[in-house]
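Residue-level listing of the chains:
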Amino acid sequence: MLALSRHITRGRLFWLGLFALTWALSTYSFQLYKLLDARWVIRFPSALQLNLDTEISNFLDWLVNEAHFGLFSFRDLTRAIAWMIELPYQFLRNLLIEGFQTGIGDGAVQIAPSLSWIAVIAIAVAIGHYARDWALALLVGVCFLYLAVFGQWDSAMITLASVLVAVPIGAVGGLALGILAYRMPWVETLLRPILDLMQTVPVFAYLVPILILFGFGPVAALVATVIYAMPPMIRVTIVALKTVPEELLEAGRMMGATPRQMTWKVLVPAATPTLMVGVNQVIMLTLNMVIIASMIGAGGLGFDVLASLRRLDIGAGIEAGLAIVVMAIALDRASQAFSERRMSHPRTGSVVQRHPWTTTVLAIVVVTYLLGQIIPAIQNYPDALKISTGAFWSDAMAWINVNFFDTLETIKTVLLTTLLLPVKKFFAGIPWFWGILAMGLIVGRVAGWKLGLAAALMMLFIAASGLWGEAMVTLYLCGVSVFIAILIGTPLGIWAAQKPGAGRVILGLMDTLQTLPSFVYLIPVVMLFRVGDFSAMIAVVLYALAPAVRYAAHGIREVPPQLLEAGRMAGCTPSQLLWRVKLPLATPQLLLGLNQTIMLALSMLVITALVGTRDLGQEVYIALTKANAGQGIVAGLSVAVIAIIADRIVHALADKQKRRLGL
Amino acid sequence: MDKPVLLDCRHVWKLYGANAEAMLANGRIPDAAALAEANVIGAVRDAHVQIHQGEIFVIMGLSGSGKSTLVRCLSRLVEPTAGEIEFDGRDLLRASEAELIEIRRKKMGMVFQQFALMPHLTVLENVAFPLEIQGVDRATRRESAQKVIELVGLHGREAYYPRELSGGQQQRVGIARSLVVEPDLWFLDEPFSALDPLIRREMQDEFIRLQNMLRKTIVFITHDFDEAIRLADRIAVMKDGVIEQIATPEDLVQNPATDYVADFTRHVARAKVIRAQSRMEPATAERFAGEVAHDATIESIADEVERADAPMKVMKDGKVIGQITSRAVIDVLVGRG
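The listed protein sequences derive, respectively, from chains A and B. The opening position of the first sequence corresponds to residue 1 in this note's numbering, with each subsequent residue numbered one higher. The opening position of the second sequence corresponds to residue 1001 in this note's numbering, with each subsequent residue numbered one higher.
If you're looking for bench data, these hints aren't it; they were derived computationally from the structure. Treat each hint with caution, since some may be false.
[To be verified] Derived DSS-like pairs (lysine-lysine); straight-line CA-CA distance at most 25 Å:
#, chain 1, residue 1, chain 2, residue 2
1, B, K1272, B, K1316
2, A, K265, B, K1106
3, A, K412, A, K424
4, B, K1147, A, K265
5, B, K1107, A, K265
6, A, K656, A, K626
[To be verified] Residues of chain B placed beyond 12 Å of chain A at every Cβ, according to the derived structure:
#, residue
7, N1026
8, R1072
9, E1102
10, K1107
11, M1108
12, G1109
13, Q1114
14, Q1134
15, Q1146
16, R1215
17, E1250
18, P1256
19, V1261
20, A1285
21, M1315
22, I1330
The model shown is predicted, which means the values in this text are computed figures rather than measured ones. C-beta: ideal position from N, C-alpha, C; glycine also.
Looking at chain A on its own, in the form it has when it is part of the complex:
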């Protein structure tokens, strides 16, 4: 009895009481409603509901139809932007795949063909070699060859054209805004909350207003892509410029550099390696978004995946998905190599000797162009040599489904009945008023009462927008997925940190997983488990696993070696060392990993709306299909609210732990 009472502290009592009360209210909310005959117990009173969504929609309508800035209307502005994006995009499409033509339709006359597939591969190889070495050149070359051989060339080039337009805009725009924020503190103060919000609002939510402003088509997709990919570049630029050593700035000032010279001759060159990391991020996010944006007309590989998902064409879906994976790997490795690239000594000699690669590539472009006029196989990869793996994948999936149907079904059913459904019932039952209060109490207890009040108000916003039920489904799916991701990820991370050999394999795998566009994860999941919460959960777990593993590995590795030596000298066994020294010290890192996992889970959850969940993501997705901007934005903001609250809770916990450890 005494032993038990020792464990009951005031803190534990608080959490226990909160949980018990929530559980009771969740279980008996229906009875409570009957008992009190008060419908407001389970339904937010409709008289008090906010109509933010209609107002946003009306505002957008006004913007599109009536807004006028004196000299030009808002519509003129969007058209001008569209034109500016359309121009380079169309040029790249012509260059890479369609060829240059005059006239339209049947009257079209080809002026020049597109680059031959051989020329494109040669360019890719040259870039790979320039960025690092022959190995990378080979990897990039093989990736592009894969696209040609396996018949994905045309779609891949359309996707590549989008990436090639969006990346420069995103990178240069991000750099410019970052420099502005660095030079003028008020710009940074202004940008910071916007950046925070943009990182948490799900991507689908941007798509809706952009769809309304720019119409269905590649341009809208590109605008969405740029908006999505730019914030990390801004952040990276600010950090990169701020970490330029103070002495370098002083050196520049002592040489009498003007502010412009400071920026372009000192700051930016000195920060280039870090800035290239930002460009790498822009490229990967762009690819991710270009795929998602196929929903509003980006075309390319993303459209192929989406179309085959819709008609449940397993083979075609996997084929296009693999092409995305291959392209992601090629782009990621090449751009990463650029960020690690060091200045090398310039070559000497004639123009050809100084630029061997440029001249070789130019020669290949010209020669394949000329030969391509005579031999079509050089211009376009011959259809006869294309290999389609579609049938193979369909058969393989069919075989798995025939032979392992029972196993898969059992796993699914067991997890559904023992974990997902009970948790879902618990969350769905929580009455809105208690949910708001409980959230306020939790955040208040962990992160301070001011934040608690803010959290409660934010939850009230969700309830008042009529999205309480969807929000609870989001919480439940996100919670379960994160729980499973951490359950799998943390041991994997620890293992990776303890055993260098396993670590290389695991972390390498995680790196690759993280470069894959989120869309890709849906394909195998749908094939194996069809639609529903379970499929969504698996996709989310796969997507959100990487940070859990990485941060765990990082946290364990970062434990100071002298503490490990102290532990070993005190006679710790390896398992004692792990449990009593490494894990406690790694807790802040583990919590940061948890935070990242939650953020990724939320962003993926929205995309899993495609496989038929009933959460906020579905709400956004429906808004997208109905082009209802207000509904999309309000649901998107609700996801952001959940993300922000989760972020504050985890950060507060991490800070607390850090303070306890004196870090």
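Once you've looked at the hints, dock chain B against the given chain A.
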């Protein structure tokens, strides 16, 4: 000092904190306690420094003593809270941003503790960089850069990147870069502190060699008292933002103005600092064993004087101004008097 003053700094203050300016309103001179009470940090307090043409002026202090802040006030990298700084007859604190850029481009050079080289430029490009900033054409700036590179002994490494050089070599690049504009006033902010002791010694020799050729006006920051006495014509000792004493190395050792300075100088090898003229006595001996220069350090003449069976003459401008005995030399060596 009879040489003209190049940089004259009077009543210079640098305070950090919310009410820094108010603390100095109406010519008040707050003391350390008053500053602490107002939550203001006095990085530099009421500094007076006069730097003469052609001298090596060393500012010595431990970390946090304000020496780096003071030198940044002198170059206006940091804006002083109050005070006057006159450089080459011009009021430096009233100079506009454009004038300041002009002064820094043509008349000042600075060497940094962590070298502060541009990582993306080669040695040659780094050294030519100040000229590039000034808009000098490519051929001219390469030629000027090449000259200074040879001056600092880096010939043959022009095409290297900073990361391919050792610390000592990197600082040679830093020195070359600061000299390429032929500055009148040369700031060196702990230039050798990031180097290994052996390399540091070598770089000090190199620095002395350069100065014997160039005769620049130098403000040199260090936390190393041995380095200070080795290089300085005059030393300013700083503590908690206040200059405790400005004197020649010899004066500092023999007549420390405060306990703090005395603490510092106590463990200095005095024979390296004290010169013959300060330990001589009137030339009364009948026979002399030889002669020594008046400004030779005791260390450099000790062996000779101690070995001799008679006092030695102390010479200045070809005239005998006194004699020095082996007794006097031994007194210095064992730390008596």
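Okay, the hints, checked on the actual structure:
A C-alpha spacing of about 20 Å is found between K1272 of chain B and K1316 of chain B, which places the hinted pair at or below 25 Å, so the restraint holds. Between K265 of chain A and K1106 of chain B the CA atoms are separated by roughly 19 Å; this keeps the pair inside 25 Å, and the hint holds. Restraint check for K412 of chain A and K424 of chain A: the C-alpha separation of about 15 Å stays at or below 25 Å, so the hint holds. For a cut-off of 25 Å, the pair hint linking K1147 of chain B to K265 of chain A stands: about 23 Å separates their Cα positions.
For the hint pairing K1107 of chain B with K265 of chain A, the CA-to-CA distance comes to about 21 Å; that is within 25 Å, so the pair holds. Using a Cα cut-off of 25 Å, the hinted pair K656 of chain A and K626 of chain A is violated, with the two alpha carbons roughly 45 Å apart. Against chain A, the non-interface label of N1026 of chain B holds: every CB pair exceeds 12 Å, the least being about 32 Å. For R1072 of chain B, the condition that its CB be more than 12 Å from all CB atoms of chain A is violated, with the nearest at approximately 8 Å.
Listed as a non-interface residue, E1102 of chain B fails to keep its Cβ farther than 12 Å from every Cβ of chain A; the least gap is roughly 7 Å. Separation of K1107 of chain B from chain A is inadequate, the least Cβ-Cβ distance of about 10 Å not exceeding the 12 Å criterion. Non-interface call for M1108 of chain B relative to chain A: violated, since the shortest CB-CB distance, roughly 6 Å, does not exceed 12 Å. At roughly 7 Å, the least C-beta separation between G1109 of chain B and chain A is not larger than 12 Å, which violates its mark as non-interface.
The Cβ of Q1114 of chain B sits about 5 Å from the closest Cβ of chain A, inside the 12 Å cut-off, so the non-interface label is violated. Distance check on Q1134 of chain B: its Cβ comes as close as 7 Å (rounded) to a Cβ of chain A, failing to clear the 12 Å threshold; non-interface status is violated. Chain A leaves Q1146 of chain B outside its interface by the beta-carbon criterion, the shortest separation being 17 Å against a cut-off of 12 Å. Interface exclusion of R1215 of chain B from chain A stands, the closest Cβ pair being 21 Å apart, more than 12 Å.
Even its closest Cβ contact with chain A, about 32 Å, leaves E1250 of chain B beyond 12 Å, as expected for a residue assigned away from the interface. At the 12 Å boundary, the C-beta of P1256 of chain B stays outside the reach of chain A, the nearest C-beta of that chain being 33 Å off. At the 12 Å boundary, the C-beta of V1261 of chain B stays outside the reach of chain A, the nearest C-beta of that chain being 29 Å off. The beta carbon of A1285 of chain B is kept farther than 12 Å from every beta carbon of chain A, the shortest such distance being approximately 55 Å.
Distance check for M1315 of chain B against chain A: the nearest CB is about 43 Å away, which clears 12 Å, and the non-interface claim stands. Here I1330 of chain B stays apart from chain A, with its beta-carbon at least about 47 Å from theirs, past the 12 Å limit.
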